[in-house]
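Using the sequences plus the hints, can you model the full thing?
So the sequence lines, in the order shown, correspond to chains Y and F.
Residue numbering for the first sequence follows the working numbering, beginning at 504 and increasing consecutively.
Residue numbering for the second sequence follows the working numbering, beginning at 581 and increasing consecutively.
Hints are supplied without guarantee of correctness; some may be wrong.
With beta-carbon atoms standing in for the labels, derived distance ranges [as the list claims (entries may be wrong)]:
1. R622/Y / Q673/F: 52 to 62 Å
2. D596/F / R925/Y: 39 to 49 Å
3. T587/Y / M718/F: 31 to 41 Å
Hints were generated in silico from the structure; no laboratory data involved.
In this text, all values refer to a predicted model and were calculated from it rather than measured experimentally.
By construction, the Cβ of each residue, glycine as well, lies at the ideal position given by its N, Cα and C atoms.
Listed below are the residues making up each chain.
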Amino acid sequence: MARRLRIITGIAAVVLVAGAAAGFGVAWRPSIAAIAPPRPDTFNPDLVKRGRDLAAIGNCSTCHTVRGGGNYAGGLPVPTPFGTVFSSNITPDAATGIGSWPEAAFVRAMRSGVSRDGRHLYPTFPYDHFTNVSDADDRALYAFLMTRQPVSASPPANQLSFPFNFRPLITGWKLLYFHGGDVPSNVAKGAEWNRGAYLVEGLAHCGACHTPRNALGAERVNAQFAGGEVDNWHAYALNDTSHAPVRWTADALYAYLRHGWQADHGTARGPMAEVVSNLASVPDSDVRAIAAYMADISGAPAPDGKRPADAVAQSPPAVAAQADPAGAAIYAAACASCHESKRPLPYGGVDLALSTAVTSPDPRNLANIVLAGVGAVEGERSPIMPGFAASIDDVQMAALLNYLRVRFGKRPAWNDLDKAVRDARAAQAVSVAAREAPAESSQRGKP
Amino acid sequence: MITLKVNGQDHQVDADPDTPLLYVLRNDLELNAAKFGCGLGQCGSCTVIVDGKAVQSCVTPLVLLAGKQVTTLEGLGTLAAPAPIQRAFIEEQAAQCGYCIAGMMMRAQALLMRNPKPTDAQIRAELEPNLCRCGTHMRILRAVHRAARLMDTADAASDRSVR
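The structure is reproduced here in structure tokens:
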């Protein structure tokens, strides 16, 4: 109820602001004249390659490619509290993509969220971050995208509820929440940190998932990196409120982003697995810069230099078993042989006392992983885990999650595990349906 | 003693609750269709059906199976009276070494029970967890399509044994 009230109040505010803004002519943006799609061989190959690395950092393909569709041809449904927005076709197709966009139109879209024809873009396109991307990098991204295979594909129409389907409202949203410009550099922090800040706050748009949003879908400025949500996954807090049992260091973050897993923390799953997969082609120096900046955001490592195993406590197994005997029996039978194997990652299971999925206030990630497992990553030495969706029922799931929380989480019990399990099942069904879509052999699996 | 429902019958099994289903099927009940491949739930050769869903029996402990119905390949048909899925795999000669085939058939059976007319893409997606090292994938795909057609015809609609 409170949430609904908040939304209604918010809507009223936006409507008022939009009205005022329209009055001042702020809503209006000129159209930029269409061009004939530039020939791919007019772009400098080095620029295209730099654009490719930048597109990987920006994770562009995750939202702009769907399984069975062409690369960057859009059409991904992005659920929001206000309805579903479909990603656009950013291939150089003139009619349905951005083929007729001159470079200036692309830079304007990145900088201020305006389409070539002057319409405001919905902030599901994270221009609140992309506004920080330099013109030089925007030009490289443009060169990369304009040299992709053009695909003729129009995304389905957005399914937004009134009044959010009224595009000029975005003007009001922008006045309230959009602050264009560059990431200020901090000379005291050194080049690597500043490079990291530029990437994290800009193109990599980490906060788009890891920062909670307000009633109108804007990132809460006073809760940056405090944890958000995406596709029924909880994007963990990355600031000093992180629930990671062992504090993240720059080295640990680097290893995690480079390989998709880190022994003191666990494995990247869900949308984060795609981020890591995209980062695979990005130079070490940029991944290190991202890690250095994020480690600084999350606070200094514990000074006592404790080994992770010492830093982590868990409830005695007997006490936990008393709290949930059924869950204890399932853990012992289905999980312990890998998770207590003492084999180091990736050959053994992560020590669950180190897992943020267990200490997190939100049980969804753990539920998702138990159901779906962890698939092998092609060409990578990566952890694997079988999924239990077909063999474990909802009652058993709730018992197992409850036990893991008591034994390894040492935090207050999770509320409403039944709902978490139901949601995870529903999300799993969606992901299975997506896998069954006809796929071109060149396509990655999604989600 | 643990009660295990397999192919429509209750079995009393003397095993710990953390015993993988596969071990009980093969060692105690002598149902040897399901194979031990990787033991990690990564290859699919141990696949059986539990309450209508394909399950990797090597990573499914008995404790998860209380009150659930297990179906193995032996429960679908016999040499004399093969089930449609078995007939289809024979007619397409879909096995080379054959080690993966019992698992392939069980996962395909689970798919056909919930979706009698799967598309090629749906079959490929469903069978993705099951590995075949001989490379008979194209024959396996044809066999699953053939099984769907066989199940669609009246004379072959004998497959009532799966729970």
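Against the structure, the hints:
1. R622/Y / Q673/F: 52 to 62 Å: Once the Cβ atoms are compared, 59 Å apart, the range 52 to 62 Å for Q673/F and R622/Y holds.
2. D596/F / R925/Y: 39 to 49 Å: 31 Å, violated
3. T587/Y / M718/F: 31 to 41 Å: 38 Å, holds
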